[in-house]
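Number of protein chains: 4
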Amino acid sequence: MAGSSFGTIFQISTWGESHGPALGVVVDGCPAGLPLCADDIQVYLNRRRPGQSGITTKRQEADEVELLSGLFEGRTTGTPISMMIRNTTQRSSDYGEIADCYRPGHADYTFDAKYGFRDYRGGGRSSGRETAGRVAGGAVAARLLQEFGIRVTAYTVSIGPVQIDRGRFDPQAILTTPTGMPDAEASAMAEAYLADCMKNCDSAGGVIECVIDGVPAGLGDPVFEKLDANLSKALMSIGAVKAVEVGDGTAVSSRQGSRNNDPFRMKDGKVTKTSNHAGGILGGISDGSSIILRAHVKPTPSIFSPQQTVNRQGEEIDLAIRGRHDPVIVPRAVVVVESMAALTVADALLLNAAARLDNLRKIYGR
Amino acid sequence: MAGSSFGTIFQISTWGESHGPALGVVVDGCPAGLPLCADDIQVYLNRRRPGQSGITTKRQEADEVELLSGLFEGRTTGTPISMMIRNTTQRSSDYGEIADCYRPGHADYTFDAKYGFRDYRGGGRSSGRETAGRVAGGAVAARLLQEFGIRVTAYTVSIGPVQIDRGRFDPQAILTTPTGMPDAEASAMAEAYLADCMKNCDSAGGVIECVIDGVPAGLGDPVFEKLDANLSKALMSIGAVKAVEVGDGTAVSSRQGSRNNDPFRMKDGKVTKTSNHAGGILGGISDGSSIILRAHVKPTPSIFSPQQTVNRQGEEIDLAIRGRHDPVIVPRAVVVVESMAALTVADALLLNAAARLDNLRKIYGR
Amino acid sequence: MAGSSFGTIFQISTWGESHGPALGVVVDGCPAGLPLCADDIQVYLNRRRPGQSGITTKRQEADEVELLSGLFEGRTTGTPISMMIRNTTQRSSDYGEIADCYRPGHADYTFDAKYGFRDYRGGGRSSGRETAGRVAGGAVAARLLQEFGIRVTAYTVSIGPVQIDRGRFDPQAILTTPTGMPDAEASAMAEAYLADCMKNCDSAGGVIECVIDGVPAGLGDPVFEKLDANLSKALMSIGAVKAVEVGDGTAVSSRQGSRNNDPFRMKDGKVTKTSNHAGGILGGISDGSSIILRAHVKPTPSIFSPQQTVNRQGEEIDLAIRGRHDPVIVPRAVVVVESMAALTVADALLLNAAARLDNLRKIYGR
Amino acid sequence: MAGSSFGTIFQISTWGESHGPALGVVVDGCPAGLPLCADDIQVYLNRRRPGQSGITTKRQEADEVELLSGLFEGRTTGTPISMMIRNTTQRSSDYGEIADCYRPGHADYTFDAKYGFRDYRGGGRSSGRETAGRVAGGAVAARLLQEFGIRVTAYTVSIGPVQIDRGRFDPQAILTTPTGMPDAEASAMAEAYLADCMKNCDSAGGVIECVIDGVPAGLGDPVFEKLDANLSKALMSIGAVKAVEVGDGTAVSSRQGSRNNDPFRMKDGKVTKTSNHAGGILGGISDGSSIILRAHVKPTPSIFSPQQTVNRQGEEIDLAIRGRHDPVIVPRAVVVVESMAALTVADALLLNAAARLDNLRKIYGR
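Chains as they are written, first to last, in the working numbering: chain B, 1 to 366; chain D, 1 to 366; chain U, 1 to 366; chain P, 1 to 366.
A hint or two may mislead.
Identical copies carry no separate label here, and so any pair may be met within one copy or between two of them.
What the hints assert, rightly or not - List time: in silico SDA-like cross-link candidates among lysine to any residue, alpha-carbon distance up to 25 Å: (1) LYS270 - LEU67; (2) LYS199 - GLY323; (3) LYS362 - GLU73; (4) LYS270 - GLU147; (5) LYS267 - THR176; (6) LYS270 - CYS201; (7) LYS267 - GLN172; (8) LYS267 - GLY365; (9) LYS199 - PRO161; (10) LYS267 - GLU97; (11) LYS267 - THR88; (12) LYS199 - ARG49; (13) LYS199 - ASP39; (14) LYS267 - ARG143; (15) LYS267 - GLY314; (16) LYS267 - GLY288; (17) LYS362 - ARG324; (18) LYS362 - ALA62; (19) LYS267 - SER290; (20) LYS267 - CYS37; (21) LYS199 - GLY74; (22) LYS270 - GLY167; (23) LYS362 - GLN146; (24) LYS362 - GLN52; (25) LYS270 - GLN60; (26) LYS199 - ARG151; (27) LYS267 - ARG47.
These are calculated hints, taken from the structure and not from any lab test.
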């Protein structure tokens, strides 16, 4: 199958390689009438942009979005929104040496196994640069959700062994710390840890948490299209993610039911829960509480210390990777997590519109 | 959207409620020519069937499959395979009391929020009985995979605080212990733990692991349709699963790259890895190693101790659930995990057939 | 791909062969809260049922629908509606002789070419009986459309050379003439023509027209998912249809623009058209006028006169078909056309709910 | 739903408006390893390009394709192929006058009804320029089909009352006559007819035929995804098409079975048919004969004579359209028909790869 599209009604299709002329995304199915401008997109892309601190790759990319269709007089028209980002600093020369060998932890071998050959420059389609299209699409989704009071916020909760202290949680810090941690103190410790990693020609992983507030009860479907199933797919489709948790996640498996169930109570005339172990989703459908997700990100596979591997000719070799690489991808992946979550919820919001006769009567007036 | 279908080429559509006349599944897109009989299905359904030990619900269901279409002279014809399982022991009377109230940890409230009303008998469509259709479909997928040397095996690795000892791993035990654990000793401890839970009117969760052997390198897609993304969705779509791990899963986030990358080496003229932290998938595409997954299952929400909740009229009430419930759903969910994994891999196997010109030449002879 | 599902949100999946135990359909995505009972379905199935006049096959089938899921207290729950029709008068003995040969005009050869073998009993999945599932699903769609004042009406406009006289158009006659013609006089002539065909061991074709009234302006999409594109697919997917027209259809190609454009005028404060050459669709989107379609149906390929053909062994043979066959399939296909049209419009109605921000505000109250 | 994507495995997503900065298409699912260059695409786009004769619009567009992704060293990589065409001669000033009124025969009114407002410049997304993306995608599909000996050829068979003489059929003429007719004599008559139309401020329609040679028996599916059903949708999704015929099309409805069935015979050891009334498809599956389609195209709705219509304020007005318009769109639509047919067959070719166990064994070697 195609494989580069995500979503059913609110759908994105991304394209482009790390070292081709450009990358981009087509957003199809965005409702007509949404105010949208290039700045709404650029703000998101800037958060993913490399070269902004000592702990990201030194590759400099403007990542400037060009809006090519789907807007008229500042609003979406209901037709596809095409966005393109030119690649500006491709240095293919960096990659000559890896054309022929399989980097451990990367998709080089699996691409060759699947397609018979691959665009090896910078990882081609398997490069993290592919996520630029997701973020541009996610920005549109987030703009749509904003109209309905839904806010998606992701942040780093750990890098290597360094975890945030939830008692110091500061939402402002998410955008000001280079790590994306909502805790400046932990962030400083994480930076020190990363400096060490880099000195040792090594890399680090971490955990990103995502909270979605303001989701009305009733989004998602009961069987295969559970909201948490789709959110898991969304997050697990991000390159380096190896585990996804919803609500209390892995902790629930050793817990008893009396401790894990969230009691329902009334508050201001509305049904509410007095705890949120479930992470805002029951039976695949949102329950009106905050949706809580966590993505576990593996350490960057590109490390500068020598590694054992094989080449395309089937010879065992030693490989020392060179070039420009992030010692940890977590900080730049925060906005990717946010984007994938926003895309998933936007699609659920639209799909739910036709779930009951009542809704349709409101639209068609019968 | 529909929401009751899973897969793109190898696709299942399930239907049915806990207390309606029947449940079932339509398998569409299974290749023609596969030998298949009712027994292939029944063996799987029997593993999910309730009432087989002291640690599952006492509800007795024959769960006998009726094959209604898609077979001719013992082989699949390429047309839809329809399978039906009659419900035989519905006791709706058990559920009169919950018609009006929202059980904590269940989908009662979210169904009402989404659809305006619900079939409350036994949870209706949100009942665990819905998984019978998945298992019937999964049995067909497993039969197909068998032709290509691919084996899917799931088993319980923990229930509550009781974990298996991997040094005692005994594959035979998976089907003989009532817990689905590959370790009879741990299983006995888990049974004791569950007996305690039941005495205290409480319930337990656990962890299911799934290993997929024999998958050729090259299955899966590089962006949104990553094999691990689809496997995560598959597992997270099972009612009580709250976290999914691939390979070393959550452990990777605190690890360094040098320790997490799997070196490639040659073995018998083939590319292989000397470790498998990645769990058999790199960049969303299978790498030829075993695929390893873990699903974290929450404790059964139906507990007999009284709980705080609200009813449809918005009154706060105390609720003591009665009826027939599993103290832990993990043992019966093992085959559901296996089925969902088999369905996902079968679809990837079929989709990959058209991934490269070489493959098509083999079929169309040019 | 699967290939047995139709629709995106309002979706049906049909299954079953002519001579298997049963046929059926799963309707997924029907909005919750729609009043529905078995009679709503049976009325449609009865119109498709064979053996009701001298001009249909003598095969007697009760075609009684069994409703298996998706309903509670007389209303749809939003979950899949599964419906099954048992086959009761299979006489496989009739088909022994065709197991091995390719009937001209039938799918015997193409099924073998695609799948390697086939269920030859009564055509298996390629039998006209497959449409029973479509009609059951179409009945649900029609019931939904009824809530929004949308009515789908199909009727026969010609059989062989006999055409209706539009001056005598009598809607009552559609259900009372054995031909489905809204003109009793033409119907009598068509019956005489068919009697002649049968005497000569031959068969006839015809044309079915379908009018959809009450469709609000705005349904359908502008590019690939044009409403007329989907309606064409819907009708062309019915076994014997070889041409589809929208509005004035083939007549437009020899006409000039000044004669083909429909002028807009105001009527009762609403935009209306003073003619309807376009057949109710402009740019793929409904314009509020009646939607008009025509399907051209080929003569029944099963004829009793001897025909040249080949068998599976590649031998040239002469074949005289026996068994029970309709001399013309048009009368029984009328309700199939109606069903496919209803399914297409129901899906467009649901999809359109999310087309603009205004609609979503009405549902989510912002 | 999205609505701007076509195909299941071989899938295109088009985007762009007549007067925006650019138009384009993303081709996803093209198998890896196909030789492809910009020229393969440009040749197709040039056939659609305006301004090439006295009978097309005078708008001059270079329609130069820019290939942005999915290629490496002259071959497809299996990842999305993104192609963009800059709009260069937008003259939005031409459209100020129609911003506010509904042109008869156009989608102005229906877009407003659906989306609440529209990009009125040159018809926006409903412009015929949208087909540029289809043609770029179709060129890739045609290139793929060429590898398997499948050739798609479309041509004009009539314009207004002027029809080709099949006795004079000259395939060379298709690309050399300004009408796309394979008959220079008829083409000259058609040009004279069009000159008359233009003098009278009127426009013309016509018929396009499409022949697909070399299709192996076995492509397509038996129920909803019939090859002819998808081809009909493909052609009917082209703006001005109002009827589609397969094989003998509308002629079959008045014919008897004995005259319509195509006898099977053996030829060179292969099953063949001695006639082709069916147009190469039986039961929705290709039978190895040529596939034959006809699309009936309405006269260009933009005419210079005054027409009655209404404006957005609900006032009845007279409208005389100005600007640059084709007197007949048939000649430029020929390559669009060819493209849509190629896309449909390419998708069927890929989907069929997984239809039977035999095929999969050839790929996976068991």
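Do the hints match the structure? See the list:
In this homomeric assembly, LYS270 and LEU67 never come within 25 Å of each other (Cα to Cα): the closest approach is 42 Å inside a single copy and 36 Å across copies. For the identical chains of this complex, LYS199 and GLY323 are intra-copy neighbours only, at 15 Å inside a copy versus 62 Å across copies, given an alpha-carbon limit of 25 Å. For the identical chains of this complex, LYS362 and GLU73 are inter-copy neighbours only, at 24 Å across copies versus 28 Å inside a copy, given an alpha-carbon limit of 25 Å. Taking identical chains as interchangeable, the C-alpha atoms of LYS270 and GLU147 lie at most 25 Å apart only when both belong to the same chain, with a minimum of 22 Å there against 31 Å between chains.
Within a single copy, LYS267 and THR176 get their C-alpha atoms no closer than 35 Å, and across copies no closer than 49 Å, so neither meets the 25 Å cut-off. In this homomeric assembly, LYS270 and CYS201 never come within 25 Å of each other (Cα to Cα): the closest approach is 55 Å inside a single copy and 29 Å across copies. When the C-alpha separation of LYS267 and GLN172 is checked against a cutoff of 25 Å, the pair qualifies neither within a copy, at 29 Å, nor between copies, at 52 Å. In this assembly of identical chains, LYS267 and GLY365 lie within 25 Å of each other by CA distance solely across copies; the values are 20 Å between and 32 Å within a copy.
Proximity of LYS199 and PRO161 under a CA criterion of 25 Å is satisfied intra-copy only: 17 Å inside one chain copy versus 40 Å between copies. For the homomeric pair LYS267 and GLU97, the shortest alpha-carbon distance between copies (24 Å) is at most 25 Å, but the shortest distance inside one copy (63 Å) is not. In this homomeric assembly, LYS267 and THR88 never come within 25 Å of each other (Cα to Cα): the closest approach is 54 Å inside a single copy and 41 Å across copies. With identical chains, the CA atoms of LYS199 and ARG49 are at most 25 Å apart within one copy only, with a shortest distance of 24 Å there and 56 Å across copies.
For a Cα distance limit of 25 Å, the shortest separation of LYS199 from ASP39 qualifies neither inside one copy, at 38 Å, nor across copies, at 50 Å. Taking identical chains as interchangeable, the C-alpha atoms of LYS267 and ARG143 are never at most 25 Å apart, the minima being 29 Å within one chain and 39 Å between chains. Proximity of LYS267 and GLY314 under a CA criterion of 25 Å is satisfied inter-copy only: 10 Å between copies versus 66 Å inside one chain copy. Within a single copy, LYS267 and GLY288 get their C-alpha atoms as close as 12 Å, which meets the 25 Å cut-off; across copies the closest is 46 Å, which misses it.
For the homomeric pair LYS362 and ARG324, neither the shortest alpha-carbon distance inside one copy (54 Å) nor that between copies (41 Å) is at most 25 Å. In the homo-oligomer, the alpha carbons of LYS362 and ALA62 never lie at most 25 Å apart, since the shortest distance is 45 Å inside one protomer and 40 Å across protomers. Proximity of LYS267 to SER290 under the C-alpha cut-off of 25 Å is restricted to the intra-copy arrangement: shortest distance 15 Å within a copy versus 50 Å between copies. For the homomeric pair LYS267 and CYS37, neither the shortest alpha-carbon distance inside one copy (38 Å) nor that between copies (39 Å) is at most 25 Å.
Taking CA atoms no more than 25 Å apart as the test, LYS199 paired with GLY74 passes in neither setting, with 49 Å inside one copy and 41 Å between copies. When the C-alpha separation of LYS270 and GLY167 is checked against a cutoff of 25 Å, the pair qualifies neither within a copy, at 29 Å, nor between copies, at 52 Å. Taking the shortest alpha-carbon separations for LYS362 and GLN146, both the intra-copy value of 22 Å and the inter-copy value of 16 Å come in at or below 25 Å. For the homomeric pair LYS362 and GLN52, neither the shortest alpha-carbon distance inside one copy (48 Å) nor that between copies (43 Å) is at most 25 Å.
Neither within a single protomer nor between protomers do LYS270 and GLN60 lie at most 25 Å apart by alpha-carbon distance, with minima of 50 Å and 39 Å respectively. In this homomeric assembly, LYS199 and ARG151 never come within 25 Å of each other (Cα to Cα): the closest approach is 38 Å inside a single copy and 44 Å across copies. Taking the shortest Cα distances, LYS267 and ARG47 never come within 25 Å of each other, neither inside one copy (37 Å) nor across copies (44 Å).
Comparing the model with each earlier hint shows violations of hints 1, 5, 6, 7, 11, 13, 14, 17, 18, 20, 21, 22, 24, 25, 26, 27; every other hint is respected.
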